[in-house]
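Residue numbers (our numbering), protein chains in the order written: chain V, 44 to 389; chain R, 44 to 389; chain C, 44 to 389; chain X, 44 to 389.
These aren't lab readings, by the way, just hints derived from the structure by calculation. Misleading hints may appear alongside valid ones.
Remember, identical chains collapse to one label, so a pair may be satisfied in a single copy or spanning two.
Stated by the list, open to error - The list that follows gives simulated cross-link-like pairs (lysine-lysine, DSBU-like), each with its CA atoms no further than 35 Å apart:
#, residue 1, residue 2
1, K129, K308
2, K207, K312
3, K312, K162
4, K308, K232
5, K320, K232
6, K232, K294
7, K308, K183
8, K158, K308
9, K232, K183
10, K320, K158
11, K294, K158
12, K320, K294
13, K294, K129
14, K129, K320
15, K294, K135
16, K232, K184
17, K207, K232
18, K312, K158
19, K308, K162
20, K135, K269
21, K320, K135
22, K269, K148
23, K135, K308
24, K269, K294
25, K129, K312
26, K294, K162
Protein chains: 4
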Amino acid sequence: MIRAGIIGATGYAGNEIVRLLSGHREVRIGWLVSRSFEGQNYADIYRNFFDIIDMDCLGNEIDELLDRVDVVFTATPQGFLSSMLKREMLDKAKFIDLSADYRIKDVNIYEEWYKIEHKSPELIEEAVYGLCEVNREDIKKARLVANPGCFTTCSILTAYPLIKEQLIDPDTLIINALSGVSGAGRGAKVANLFCEVNESAKAYGVATHRHTPEIEEQLSYAFNGKVTVNFTPHLIPMNRGILVTETASLKDGADEGSIRSAYEKYFGKEAFIRLMKEDLSPETRFVEGSNYTDIGFKVDRRTNRVIMMGALDNLVKGAAGQAVQNMNIMFGFDEAEGLRAVPMVP
Amino acid sequence: MIRAGIIGATGYAGNEIVRLLSGHREVRIGWLVSRSFEGQNYADIYRNFFDIIDMDCLGNEIDELLDRVDVVFTATPQGFLSSMLKREMLDKAKFIDLSADYRIKDVNIYEEWYKIEHKSPELIEEAVYGLCEVNREDIKKARLVANPGCFTTCSILTAYPLIKEQLIDPDTLIINALSGVSGAGRGAKVANLFCEVNESAKAYGVATHRHTPEIEEQLSYAFNGKVTVNFTPHLIPMNRGILVTETASLKDGADEGSIRSAYEKYFGKEAFIRLMKEDLSPETRFVEGSNYTDIGFKVDRRTNRVIMMGALDNLVKGAAGQAVQNMNIMFGFDEAEGLRAVPMVP
Amino acid sequence: MIRAGIIGATGYAGNEIVRLLSGHREVRIGWLVSRSFEGQNYADIYRNFFDIIDMDCLGNEIDELLDRVDVVFTATPQGFLSSMLKREMLDKAKFIDLSADYRIKDVNIYEEWYKIEHKSPELIEEAVYGLCEVNREDIKKARLVANPGCFTTCSILTAYPLIKEQLIDPDTLIINALSGVSGAGRGAKVANLFCEVNESAKAYGVATHRHTPEIEEQLSYAFNGKVTVNFTPHLIPMNRGILVTETASLKDGADEGSIRSAYEKYFGKEAFIRLMKEDLSPETRFVEGSNYTDIGFKVDRRTNRVIMMGALDNLVKGAAGQAVQNMNIMFGFDEAEGLRAVPMVP
Amino acid sequence: MIRAGIIGATGYAGNEIVRLLSGHREVRIGWLVSRSFEGQNYADIYRNFFDIIDMDCLGNEIDELLDRVDVVFTATPQGFLSSMLKREMLDKAKFIDLSADYRIKDVNIYEEWYKIEHKSPELIEEAVYGLCEVNREDIKKARLVANPGCFTTCSILTAYPLIKEQLIDPDTLIINALSGVSGAGRGAKVANLFCEVNESAKAYGVATHRHTPEIEEQLSYAFNGKVTVNFTPHLIPMNRGILVTETASLKDGADEGSIRSAYEKYFGKEAFIRLMKEDLSPETRFVEGSNYTDIGFKVDRRTNRVIMMGALDNLVKGAAGQAVQNMNIMFGFDEAEGLRAVPMVP
């Protein structure tokens with residue numbers, strides 16, 4: 044049994060970590076930190092936890108808090124952890140960071156896309172990109188995991204085998220993505236009010252969304268060469284879910300068979316990736332509340348392109364679930380522990 | 044380890060039973076019956092179960108199926124089980140019926156409200172009304188449990204202690220209820236299409252809803268006298284959730300203190316009933332996906348009335364969850380086994 | 044052709060006034076005032092008006108602005124107009140106030156429920172309560188109209204004929220109401236974020252909602268005696284719409300026939316009230332975008348009560364539409380001018 | 044004043060035609076035909092029309108009905124009009140067909156994609172493709188207009204100027220589209236139930252959607268050469284709205300300036316196309332209920348592509364509104380008559 048601390052516990056991702064850890068047999072929650080709600084009872088903020096968790100939110104006295112836990116989840120804004128983390132803190136507890144602070148190896152790219160000065164670039168090298176199905180071996184040994192973004196996890200996993208096996212031309216890769224509103228966080232912004240979002244759809248961050256360089260970096264590793272993509276996210280009126288639709292030109296010889304084989308090769312045995320049967324498209328409702336990524340594809344012979352589709356729950360596999368999965372890998376637990384919930388329909 | 048069979052497995056309640064049993068340590072699913080989808084793989088219909096459950100839906104050869112299970116859940120239309128069930132079948136397996144067939148002791152009332160002839164009235168007496176928090180001792184010994192309806196569970200639990208303790212005048216009890224759309228089932232009806240339901244609200248079954256006599260019968264037991272109520276349900280655009288708002292005149296001497304004491308007396312130690320703190324109203328989102336019923340109240344001194352409010356997930360505590368809770372009681376399992384999921388927010 | 048000014052033009056009600064006046068043949072918009080967006084182009088805030096309205100939002104220099112218009116709509120917070128309005132301003136332009144400042148004749152009740160000191164109580168007497176179907180003759184002569192609230196309009200109209208004709212016992216009147224989220228305004232509050240409201244329902248302001256004394260005052264006029272009610276509003280996940288369900292005990296002799304006659308007597312010739320056919324319940328979708336109030340009822344012989352139901356669009360008949368209707372009456376225009384839009388389904 | 048008949052009046056598009064014509068000064072509705080609801084009062088089916096329209100739905104005795112109207116709208120399934128229409132009927136009334144029957148000039152392509160035998164191929168030549176902003180001159184003289192599909196109108200208009208002006212390489216054009224659920228019609232299908240659609244997103248018709256050849260044909264005319272595209276539609280949980288996001292590689296020399304000029308050249312004076320300001324993305328809520336198409340774009344210098352975005356209301360500009368606009372052009376009315384409604388927000 045280990046103990047976990049959560050910084051940023053009152054955001055949607057933080058709340059989801061608490062929910063998942065509540066059902067985890069190997070972990071106990073040591074403390075919850077929330078700057079906005081310091082001193083308040085956690086169940087007064089998230090009444091789903093009423094009669095379940097009786098803990099007050101603490102402030103940011105991290106140094107003393109560190110001694111009381113084995114692992115820290117930071118579900119905090121960009122720049123928070125990087126301005127606080129020091130190498131010696133990693134000797135005390137392992138860190139799983141849900142922000143983008145340590146996801147991008149080239150600090151210049153991070154600073155350019157996020158418009159933030161990185162305060163601890165010396166720790167970037169040590170950080171492991173926590174895309175479990177791709178970097179499992181490195182994650183096992185990691186002290187600092189950069190948990191991937193929701194769009195990113197879905198976008199990368201959906202294209203990874205085809206890029207890796209050279210079945211598609213990465214120069215033609217176009218990624219369109221749909222996101223539920225919880226991805227925008229719990230901040231009090233007019234743009235995220237019910238009446239501003241409900242019954243509407245829009246693209247946003249067009250050609251400038253911060254998840255773009257993260258997707259490109261990881262796909263470049265897979266391709267073993269530079270990959271540049273168009274990534275266009277859209278906001279749609281639902282609470283949870285990411286759906287990506289990716290289009291790319293097939294390389295010579297690529298066909299249904301080789302594509303399916305590639306997916307099977309990399310993901311056939313993965314507990315949390317489900318490869319759809321022929322001609323089926325993933326739907327976000329079928330992964331809601333679970334750690335699954337559902338992936339399907341369709342070859343279009345008329346245009347010699349493949350349409351790849353992936354779906355996940357942005358708060359689970361796209362955030363808290365993958366963070367717990369990373370923790371399981373880092374501590375040698377069963378990788379599915381705490382993550383076995385069946386998707387909830389409807 | 045026992046085995047369970049589910050008849051009507053492809054409705055929303057049936058699917059929820061399958062979901063809950065998938066996480067239950069003491070039960071294995073023996074078979075799934077669905078007349079509409081006989082022969083089809085269950086995970087092709089409910090793709091949330093893809094890679095999780097690999098079973099084909101069977102038809103209605105109940106007699107031979109009975110030998111293979113210890114308990115049968117029937118999530119079937121009114122009149123199905125009552126036209127099929129025979130006493131000797133109860134020797135083979137216990138039955139938990141999610142329809143209304145055995146909920147009402149007076150068969151004439153059943154036939155009047157449901158416009159169906161009851162085909163096995165001789166079994167009504169044996170059936171136990173499966174409102175766990177009220178009838179636990181009888182449920183322990185039951186072979187046939189009539190699992191309460193969603194509106195009913197919420198309506199009764201919310202008023203029960205105040206009726207039982209004579210704190211309100213039952214003749215003044217007005218029950219208004221809101222329901223998510225999953226309560227209307229999965230039949231292909233125009234009235235339940237997205238565009239007919241979304242962005243709208245309506246009352247329905249006004250003065251004629253079939254859950255009325257069920258509520259009245261149970262509250263009459265509590266009151267030890269005849270209770271007649273106005274029950275007005277409304278359909279609102281959300282997937283899951285029941286919210287009831289009940290208003291009644293206070294009897295002499297009833298006040299905040301005596302009301303809270305009454306709730307504490309009957310439900311203070313219940314695992315699945317949460318009594319809200321002062322002045323807080325339950326919200327359906329805080330019980331979603333869980334087996335909880337959240338109850339709050341407010342005394343209005345201007346009118347000498349109390350407003351009682353209850354919230355539950357119609358597919359869990361209002362259907363499948365209570366059915367599993369009944370099973371746990373009937374078989375001597377921990378009553379919360381398989382039902383410990385924290386409500387999922389958002 | 045007259046000119047109108049709108050103060051508070053960037054709230055949802057203000058935006059709806061602008062929308063309705065854009066299609067009105069007798070009115071031109073003179074100016075738009077918004078403290079929050081002063082200096083910004085209106086169509087940059089509400090892009091539905093892009094290429095339609097090209098006006099910048101002004102600040103609060105009301106004195107000079109008054110000379111340029113014949114009527115002023117104030118869609119502003121409680122206390123705004125009452126702290127600014129002076130009697131001589133009413134000589135320059137007529138005022139239609141969408142706040143509660145002049146709705147309640149007894150200033151003590153206003154101050155008690157709104158927790159605000161009223162700064163111009165001397166003007167309350169002159170103000171006419173702008174419930175068009177009830178106070179039409181007084182509105183014709185008014186210089187200052189207190190436009191009723193959304194819950195209030197629906198609650199009063201639905202019960203008015205039965206109270207007036209002494210068909211129900213007002214002491215037994217219970218009002219439950221459902222509201223879409225636009226009624227909560229456009230302020231940046233966590234409670235109104237999409238993910239906080241979507242897929243949930245809750246009661247709020249239980250026994251304390253500020254629309255209560257307004258309903259009671261108007262129904263007391265109708266009853267010619269003091270009426271005290273329980274009013275319980277609920278928030279449900281849709282943009283627009285109010286649905287009220289009211290329950291009351293029938294007086295001796297009241298039946299379907301006398302009830303229908305009463306509704307016909309008061310509303311049978313009203314352009315914006317539609318009396319549902321027998322056994323039909325109003326649905327908010329059937330009034331969306333329009334100025335209609337749909338009213339239906341059902342007598343329950345078992346309980347000797349009547350269930351009355353009313354539906355309207357909170358931003359139209361519940362706010363901007365009724366304000367325009369009041370303007371039409373005040374200026375002698377066709378009462379339906381600018382308000383003839385057919386409800387939009389779906 | 045002319046008279047219009049509507050066949051298929053009880054579908055969502057038919058209902059929208061009735062709504063728009065109700066506010067049109069030059070048209071009176073002559074009759075409403077609905078096979079499913081023959082003999083029923085229209086306002087009993089669509090209660091938004093209660094107290095507004097008092098007409099019974101007729102059956103299909105078209106020959107006699109034709110004499111009573113000047114124009115017929117057919118909002119009917121594929122294959123209906125083509126199996127009924129004869130050339131002499133066009134002498135009696137003009138036809139505006141909202142189905143795909145006469146949209147595609149090559150009958151083989153129609154039959155291949157729609158899996159229907161075309162029963163009146165001899166009339167295809169005469170039909171004018173009713174994309175008003177592109178084919179206005181031909182529409183003026185037309186007797187038979189093939190009203191474009193919702194996805195199609197949005198997809199074509201969004202790309203048209205850039206294709207026409209050779210600013211993008213049509214071989215690289217990828218079209219992703221999002222649709223509200225009303226596009227799926229009012230048929231009683233499980234797939235369109237509230238609980239199947241709400242809180243979910245999915246792609247459908249991947250590489251096979253029937254609007255593909257229609258888009259390709261029209262863009263080929265613009266390009267003056269064969270255009271083949273990937274068109275991937277998605278279903279998202281809202282009532283109304285189409286949002287397309289199109290990506291294409293820029294040709295040499297194309298930049299922000301030349302792209303904006305191209306849009307201005309073709310659409311700058313169009314009443315129903317609004318070109319967004321720099322860096323703004325269209326949102327479906329800002330066109331809801333109106334006949335507008337909002338178009339925006341963003342050049343991505345990193346990838347040398349342009350992302351084009353278009354939004355419209357699928358039931359208005361994507362169906363009924365464009366049909367009325369076509370009628371206005373055909374009969375010489377003001378093109379905007381009956382279509383001036385401001386988009387309704389929220």
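Now for the hints, and whether the structure bears them out:
In this assembly of identical chains, the alpha carbons of K129 and K308 never lie at most 35 Å apart, being 39 Å within a copy and 53 Å across copies at closest. Proximity of K207 to K312 under the C-alpha cut-off of 35 Å is restricted to the intra-copy arrangement: shortest distance 17 Å within a copy versus 49 Å between copies. In the homo-oligomer, the alpha carbons of K312 and K162 never lie at most 35 Å apart, since the shortest distance is 39 Å inside one protomer and 51 Å across protomers. With identical chains, the CA atoms of K308 and K232 are never at most 35 Å apart, being 44 Å at best within one copy and 38 Å at best between copies.
For a Cα distance limit of 35 Å, the shortest separation of K320 from K232 across copies, 23 Å, qualifies, whereas the shortest one inside one copy, 41 Å, does not. In this homomeric assembly, K232 and K294 never come within 35 Å of each other (Cα to Cα): the closest approach is 45 Å inside a single copy and 39 Å across copies. When the C-alpha separation of K308 and K183 is checked against a cutoff of 35 Å, the pair qualifies only within one copy, where the shortest distance is 21 Å, while the shortest distance between copies is 51 Å. When the C-alpha separation of K158 and K308 is checked against a cutoff of 35 Å, the pair qualifies neither within a copy, at 39 Å, nor between copies, at 37 Å.
In this assembly of identical chains, the alpha carbons of K232 and K183 never lie at most 35 Å apart, being 39 Å within a copy and 42 Å across copies at closest. Proximity of K320 to K158 under the C-alpha cut-off of 35 Å is restricted to the inter-copy arrangement: shortest distance 24 Å between copies versus 42 Å within a copy. Proximity of K294 and K158 under a CA criterion of 35 Å is satisfied inter-copy only: 31 Å between copies versus 37 Å inside one chain copy. Proximity of K320 and K294 under a CA criterion of 35 Å is satisfied intra-copy only: 23 Å inside one chain copy versus 39 Å between copies.
Within a single copy, K294 and K129 get their C-alpha atoms no closer than 46 Å, and across copies no closer than 49 Å, so neither meets the 35 Å cut-off. In the homo-oligomer, the alpha carbons of K129 and K320 never lie at most 35 Å apart, since the shortest distance is 47 Å inside one protomer and 42 Å across protomers. Proximity of K294 to K135 under the C-alpha cut-off of 35 Å is found in neither arrangement, the shortest distances being 49 Å within a copy and 56 Å between copies. In this assembly of identical chains, the alpha carbons of K232 and K184 never lie at most 35 Å apart, being 40 Å within a copy and 43 Å across copies at closest.
Taking the shortest Cα distances, K207 and K232 never come within 35 Å of each other, neither inside one copy (40 Å) nor across copies (41 Å). For the identical chains of this complex, K312 and K158 are neighbours neither inside a copy (39 Å) nor across copies (40 Å), given an alpha-carbon limit of 35 Å. Taking the shortest Cα distances, K308 and K162 never come within 35 Å of each other, neither inside one copy (40 Å) nor across copies (50 Å). For the identical chains of this complex, K135 and K269 are neighbours neither inside a copy (37 Å) nor across copies (65 Å), given an alpha-carbon limit of 35 Å.
For the identical chains of this complex, K320 and K135 are neighbours neither inside a copy (46 Å) nor across copies (39 Å), given an alpha-carbon limit of 35 Å. Taking the shortest Cα distances, K269 and K148 sit within 35 Å of each other inside one copy (14 Å), while across copies they are farther apart (44 Å). Taking CA atoms no more than 35 Å apart as the test, K135 paired with K308 passes in neither setting, with 38 Å inside one copy and 47 Å between copies. Proximity of K269 to K294 under the C-alpha cut-off of 35 Å is found in both arrangements, the shortest distances being 17 Å within a copy and 22 Å between copies.
Taking the shortest Cα distances, K129 and K312 never come within 35 Å of each other, neither inside one copy (37 Å) nor across copies (47 Å). In the homo-oligomer, the alpha carbons of K294 and K162 never lie at most 35 Å apart, since the shortest distance is 42 Å inside one protomer and 42 Å across protomers.
Hint compliance for this structure: hints 1, 3, 4, 6, 8, 9, 13, 14, 15, 16, 17, 18, 19, 20, 21, 23, 25, 26 are broken, all remaining hints hold.
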